[in-house]
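*Asks:* Sequence:
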Amino acid sequence: MKNQLLICCMLLSIITFAQVPSYYNDVNLSQSGTALKDNLAVKITSTHTTFLSYTPGVWDALKQADLDPNNANKVLLIYGYDDTDNNYKTDRTRGKDSNGGSIGLWNREHTYPKSLGLPNLGTTGPGSDAHHLRASDIQLNADRGSRKYADGNGNAKITAQGYFYPGDEWKGDVARMMLFMYLRYGDRCLPKNVGVGSLVSR
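Numbered continuously in our numbering, the sequence shown closes out at residue 203.
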């Protein structure tokens, strides 16, 4: 619990230094530790009122949420980084309607893997929560599997220890999604179950 609280506090510190949107007006951001975590969890849980079906709801949501701002016919692929190397697996974008279950298509990446939830997240509730589901190349998604996240640098890759580094471009997005999942679903989505590494107190 101590480690989880430290991780949560580190991630929450990002929120306190950013400009605070009006959404958080009723959250006391002068709090810290468990009090702040609990206050944010109540806010997130009480305002999370739209629930999507796994199919077609999440597919349709990803076609909008992950839309490439430079090309409305494409989606951004989490962990992707190179559209020019003739390797589908590393693509940063893909046609927004090129989704499904075959090589060269994109599918739904559960950034918090279903199998790491306590219990398994399934395909309802947290398992279909679009706040942590992202468009991903099907092969890169399979390579990541249920590997825990680890620190690193450069592009997305499996680390020498067998963990997964999401890539420099995506690690902030992943951290925010893990924070959301912990705040929204609590002990069902513990940070320590999805990441490895040393905790640093700042």
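Because the hints were derived from the structure by calculation, they are not lab data.
Fair warning: this is a prediction, and the values are worked out from it, not measured in the lab.
A couple of the hints might just be wrong.
[What the hints assert, rightly or not] Calculated pairs, DSS-like style, for lysine-lysine (alpha carbon to alpha carbon, straight line, at most 25 Å):
1. 97 - 44
2. 64 - 172
3. 193 - 97
4. 193 - 172
5. 97 - 172
6. 172 - 90
7. 193 - 44
8. 97 - 115
*Asks:* Each hint should be assessed against the structure and marked as holding or not.
*Replies:* Hints and how they fare:
Taking the CA atoms of residue 97 and residue 44, the gap is about 32 Å. The hint is violated against a cut of 25 Å. Between residue 64 and residue 172 the alpha-carbon distance is near 21 Å, which keeps this suggested pair within the 25 Å criterion. Simply put, residue 193 and residue 97 have alpha-carbon atoms about 33 Å apart, too far for the 25 Å limit, and the pair is violated. The suggested pairing of residue 193 with residue 172 holds, with an alpha-carbon distance near 16 Å, which does not exceed 25 Å.
Pair hint residue 97 plus residue 172 holds up; C-alpha atoms about 23 Å apart against a cutoff of 25 Å. Proximity of residue 172 to residue 90 is assessed by CA-CA distance (about 18 Å); at most 25 Å being required, the pair is judged to hold. Restraint check for residue 193 and residue 44: satisfied, since their Cα atoms lie roughly 23 Å apart, inside the 25 Å limit. Of the supplied pair hints, the one linking residue 97 and residue 115 holds, its CA atoms being roughly 24 Å apart against a limit of 25 Å.
Hint compliance for this structure: hints 1 and 3 are not met, and every other hint is.
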